[in-house]
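Just so you know, the sequences run in chain order R and Y. So for the first sequence, the working numbering puts the first residue at 1; every next one is plus one. So for the second sequence, the working numbering puts the first residue at 1; every next one is plus one.
Hints are computed from structural coordinates only; laboratory data are not their basis. The structure presented is a predicted model; accordingly, all values stated were derived computationally and were not measured. You may find that some hints are simply not true.
[As the list claims (entries may be wrong)] Derived SDA-like pairs: lysine to any residue, alpha-carbon spacing no greater than 20 Å straight-line:
| # | chain 1 | residue 1 | chain 2 | residue 2 |
| --- | --- | --- | --- | --- |
| 1 | R | 296 | Y | 192 |
| 2 | Y | 299 | Y | 107 |
| 3 | Y | 132 | R | 272 |
| 4 | Y | 155 | Y | 79 |
| 5 | Y | 299 | Y | 155 |
| 6 | R | 296 | Y | 79 |
| 7 | R | 296 | Y | 299 |
| 8 | Y | 299 | R | 275 |
| 9 | Y | 132 | R | 135 |
| 10 | Y | 132 | R | 296 |
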Amino acid sequence: MSGILLLEQSLNGLQFGLMLFLLAAGLTLVFGIMDMINLAHGSLYMIGAFLAAKFVELTGSFWLAVLLAMAGTAIVGMALEMSVLRRLYARDHLAQVLATFAIILIANELVRIVWGPQVPLGTPAALSGPVRLLPGLEYSSYRLVIIAVGLAVAVALYLAVTRTKTGMLVRAGASNREMAVAMGVDIRRLFTLVFGVGAALCAIAGAMLGPILAVQVGMGEDILILAFVVIVIGGIGSIRGALVGALLVGVVDTMGRAFLPGLLREFLSPPVASALGGALASILIYLLMAAILAWKPQGLFPARG
Amino acid sequence: MTRRSAATVAILAAAIAFPLAAQPLGWEFYIGLASRVMIYALAATSLNLVLGYGGMLSFGHAAFVGAGAYTAGILLTEGIASVWIGWPIAVAAATVAAIVIGAISLRTRGVYFIMITLAFAQMMYYVAIGMKAYGGEEGLRLASRPQAGLGLDLKDDVTFYYLVLAILAAALYGLHRLARARFGRVIAAIRENETRMEAIGFPTYRYKLVCFVIGGAVAGLAGALLAANNSYVNPNLFYWTQSGTLMIMVILGGVGRLWGGVLGAAALLLAEELFSAYTIHWQLGVGAILLAVVLFAPKGLAGLAARHG
């Protein structure tokens, strides 16, 4: 394999990993602070993508649409939290699974009714062409922008969590909720806020990935599981863990898909290699998760010490 | 006869009488539907043993249903049509899968157990997609139903119905006995307080693994039945939403209750059938009902019945 190809696939992996991070960040806080399994997180991602597509139609501007989609999805997320999810914190994981699975069904159907099963969302015209990064390496400018946006959001989130008072309260809640409540933190309000921010991050991921993947009903189900893998690898409740886990999963998954079939072709017949390579590449991240859990049962960066 | 066993006899009698009544009324369609409900009831019951009785939150039970279905389907495609060979091998395949997955997963706890079992099922989903010789992503169409011999024609929907009914009844009776046996009591005690059971000297890991494997084996049988019923298997049998659906059936019906799996499977599938007759947006209705159950009937349908009955 050539160095150029390797570099290109690394960038793809970085791009995918950063978008996974946006999904995992909200999920890990919800999970970490409230010990709540929220399967409906993928639905917020879907709603964000659909909103973005519709706002592009309405306003004609991709970036304005992303901002509006963020606001819209945050409102949906906070409304969901205040109306339904809040009642589930005290319940066991089974009740949470059942309720949030029900929300997936409801969200899928509502989106289908309002907007149909699939809507088009194109790359913004200014970013449709490739740019030359190195001699011989033409790379999609849109993917570069995704990387930039992902990095910017990651830095902003890091600063917000480590340097602001609200961030401090969030960290306190994640590491020991009872103690934070005892110290006078209004965990209910804080949590609605966290949920809104998590939803807005979902919307960014949905809107940015929309032109690359497809904006369709059910898009959240596939990526939700990846996000769960990310937060388990990183350590539940840890933002830093979510970032590391997301980048690991993004790079391993992308590299596996790109190079495993070719690598296997060295030893096996081409049809066997491509079939086996494809399956193996998809399995790779789960093996990664199993290996990391065997090594560190609490994930890489456990939030509760 | 107690009221409870009278109710059981009444349900069994109704289930036996159903095809006899359905045929003259022209309800043949509902015989197929009832078979499907009972197969899912069997799968959900097997999960209920693991989840409700054993307290292990497995989010990958579809792995065993899928393993059974695919093994049965592949054997049928390769020309082994007898259920007496095909189904035991399907159950054996699911059992092996459950031993491997259980032995590894049961070393973890809590949320990590949920995620590891989910991960294994997802791996098998991708393996099924990768099996190009057996349909890959498209799945595998089966030419016909398997053969049982003994004068039983499984292509006949009524015969198939009675076979499924007999298996489900046997499974429920087995679960009933198991829960009251020493094994069931140990499993329940481990669910309530594993540390204490360990301190008393019970090999808790081994008990949990056996419970997990029995659940997996029965799920494999349900998978083989499902393959025969649909004459079709596809990778979605392994997908996480399938595990989720089985879990939903158990929670909906009643976690750790004998009839929980049956009630949940029947309620969910019949609600789907009912809503889809009126609207293509049936998922909306099903979702709303599930949400209402979580918020207003925390113990599931079996819990509701127990409270009022």
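Here is how each hint holds up against the structure:
no.	hint	verdict
1	R/296 with Y/192	violated, 27 Å
2	Y/299 with Y/107	violated, 29 Å
3	Y/132 with R/272	holds, 9 Å
4	Y/155 with Y/79	holds, 17 Å
5	Y/299 with Y/155	violated, 39 Å
6	R/296 with Y/79	violated, 47 Å
7	R/296 with Y/299	violated, 35 Å
8	Y/299 with R/275	violated, 45 Å
9	Y/132 with R/135	violated, 39 Å
10	Y/132 with R/296	violated, 36 Å
Comparing the model with each earlier hint shows violations of hints 1, 2, 5, 6, 7, 8, 9, 10; every other hint is respected.
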